[in-house]
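A.B. asks: These protein sequences, in sequence, are chains A and B.
Be aware that the first sequence starts at 1, since it is given in the numbering used here, and climbs by one per residue.
Be aware that the second sequence starts at 1, since it is given in the numbering used here, and climbs by one per residue.
FYI, nobody ran anything at the bench for these hints, they're computed from the structure.
Possibly wrong hints are sitting among the right ones.
Partial list, derived from the structure: chain A residues whose beta carbon lies under 10 Å from chain B [said to hold, decoys possible]:
no., residue
1, Leu30
2, Cys33
3, Pro59
4, Arg67
Chain B stretches covered by chain A per the calculated footprint, using a threshold of three residues with CB under 8 Å from any CB of chain A [stated by the list, open to error]:
no., segment
5, 74 to 81
6, 113 to 120
7, 159 to 173
Below, simulated DSS-like cross-link-like pairs (lysine-lysine); rule was C-alpha separation at most 30 Å, straight line [as the list claims (entries may be wrong)]:
no., chain 1, residue 1, chain 2, residue 2
8, A, Lys44, B, Lys12
9, B, Lys112, A, Lys28
10, B, Lys83, B, Lys144
11, A, Lys28, B, Lys82
12, B, Lys82, B, Lys141
13, B, Lys144, A, Lys41
14, A, Lys41, B, Lys141
15, A, Lys41, B, Lys112
16, A, Lys41, A, Lys28
17, B, Lys12, A, Lys41
18, B, Lys12, B, Lys83
19, B, Lys141, B, Lys112
Ideal Cβ positions, reconstructed from N, Cα and C, are used throughout, including at glycine.
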Amino acid sequence: MTCRELFERLSEYVDGELSQELCQEIRKHLDGCDPCVNFAKTLKTTSELCRRLPSQPIPPEVAADLRSFLTRHLPKPS
Amino acid sequence: MTDERALIAASKDGDPAALDALVRTHQNRVYGFAMRMCRNVEDAKDILQETFLGMVRSIREFREESQFSTWLYRIASNACLKKRRRGVHDPTPAQELSLDDLMPRPDAEGRKPEIADWSDDAERALLRGELSARMEAAIDKLPKEYKIVLVLRDVEGLSAEETAQAVGLSVAAVKSRLHRARVFVRRELADYLAESGKTGSRESKSLRVDHTQ
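I would like the entire structure built from these sequences, with the hints used as guidance.
C.D. replies: What follows is the structure, encoded as structure tokens:
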């Protein structure tokens with residue numbers, strides 16, 4: 001496996017989505033290739049950091065606007 | 001959480017209290033997603049309203065083959081992909097991110113590229129509160145077809161299958177876009193950490209993709 005071939009599959013590798021055979025080939029390549037090891041590690045870190053980005057909670061006035069919007073646009077119960 | 005299936009069943013029968021409970025349960029999630037996709041409150045409000053109006057109008061069509069939240073992400077994703085953001089020039093639609101452009105290259109003498117392991121530096125920068133804004137900016141540089149896949153998969157934590165359902169793509173297409181988007185954001189982080197002196201030199205100045213043209 002070349003660096004280019006490994007590079008193409010790296011997200012699937014760090015996500016654990018590849019077959020055992022492919023994983024073994026990748027590990028064999030990684031054994032002798034420091035740039036690919038570091039690339040794989042930092043790619044995984046990138047994904048993990050994304051998961052930890054804080055999300056903005058809905059401000060109370062936006063929630064209130066949503067409620068009145070839905071009330072205006074929905075058919076009244078008969 | 002109240003039994004969501006019971007709320008869904010009651011909502012399908014038109015129970016306004018059940019619909020309201022579903023809105024309240026999911027409004028933070030949808031708002032957070034919309035804010036990340038649009039980056040301004042007015043646009044996020046539009047997405048939020050469109051999503052929940054769509055939910056209320058079509059809840060009878062929800063067949064419970066997927067998670068309810070995935071179904072909502074699908075409505076919200078459609079709204080986001082249709083939306084032209086206020087005051088923002090979105091990167092060219094459907095622009096392909098090329099793996100060849102994104103892959104670090106050997107130098108002129110054919111030596112392997114120098115790739116630093118900056119995982120621990122990034123972790124520390126995140127804890128100091130420095131990194132979030134940089135990451136958000138990097139994610140926002142992506143063309144939105146890539147951005148939405150990365151946000152659903154890596155930020156919101158959906159599986160590849162759920163993301164595929166939400167954006168109406170095959171799982172293979174989701175994986176391909178995710179990989180390109182992730183490699184792009186990774187390089188932005190690598191460059192930021194190099195520029196702020198936390199790691200070695202920039203990896204790939206000459207290989208940067210400019211999405212503003």
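A.B. asks: Each hint: holds or not?
C.D. replies: Hints, verified against the model:
1. Using the Cβ-Cβ criterion of 10 Å, the hint placing Leu30 of chain A at the interface with chain B is not satisfied: the shortest such distance is roughly 12 Å.
2. Hint status for Cys33 of chain A relative to chain B: holds, with the closest Cβ pair at about 7 Å, below 10 Å.
3. With its C-beta approaching chain B no nearer than about 8 Å, Pro59 of chain A sits inside the 10 Å limit, and its interface hint holds.
4. Interface restraint check for Arg67 of chain A: the shortest CB-CB distance to chain B comes to about 8 Å, inside 10 Å, so the restraint holds.
5. Check result for the segment 74 to 81 of chain B against chain A: violated, 0 residues qualifying (beta carbon to beta carbon below 8 Å, three or more required).
6. Check on the segment 113 to 120 of chain B: 7 of its residues sit with their Cβ under 8 Å from a Cβ of chain A, so the three-residue criterion for coverage holds.
7. Three residues within the 8 Å Cβ limit are the bar, and the segment 159 to 173 of chain B against chain A gives 1, so the coverage statement is violated.
8. At most 30 Å may separate the alpha-carbon atoms for a hinted pair to count; Lys44 of chain A and Lys12 of chain B exceed this at roughly 41 Å.
9. Restraint check: the Cα-Cα separation between Lys112 of chain B and Lys28 of chain A comes to about 17 Å, which is no more than 30 Å; the hinted pair holds.
10. For the given pair, Lys83 of chain B sits about 10 Å from Lys144 of chain B by alpha-carbon distance, which is consistent with the 30 Å threshold.
11. For a cut-off of 30 Å, the pair hint linking Lys28 of chain A to Lys82 of chain B is broken: about 44 Å separates their Cα positions.
12. Straight-line distance between C-alpha atoms of Lys82 of chain B and Lys141 of chain B comes to about 18 Å, which keeps the hinted pair within the 30 Å bound.
13. For the hint linking Lys144 of chain B to Lys41 of chain A, the alpha-carbon distance of about 26 Å falls within 30 Å, and the restraint holds.
14. Between Lys41 of chain A and Lys141 of chain B the alpha-carbon distance is near 23 Å, which keeps this suggested pair within the 30 Å criterion.
15. At roughly 17 Å between alpha-carbon atoms, Lys41 of chain A and Lys112 of chain B fall within 30 Å of each other, so this suggested pair holds.
16. Taken as a hint, the Lys41 of chain A and Lys28 of chain A pair is honoured in the structure, with Cα atoms around 16 Å apart against an allowance of 30 Å.
17. In summary, the hint linking Lys12 of chain B to Lys41 of chain A is not supported, as the alpha carbons are separated by about 46 Å, beyond the 30 Å threshold.
18. Taking the CA atoms of Lys12 of chain B and Lys83 of chain B, the gap is about 28 Å. The hint holds against a cut of 30 Å.
19. For a cut-off of 30 Å, the pair hint linking Lys141 of chain B to Lys112 of chain B stands: about 28 Å separates their Cα positions.
The structure fails hints 1, 5, 7, 8, 11, 17 (numbered hints given earlier, in ascending order).
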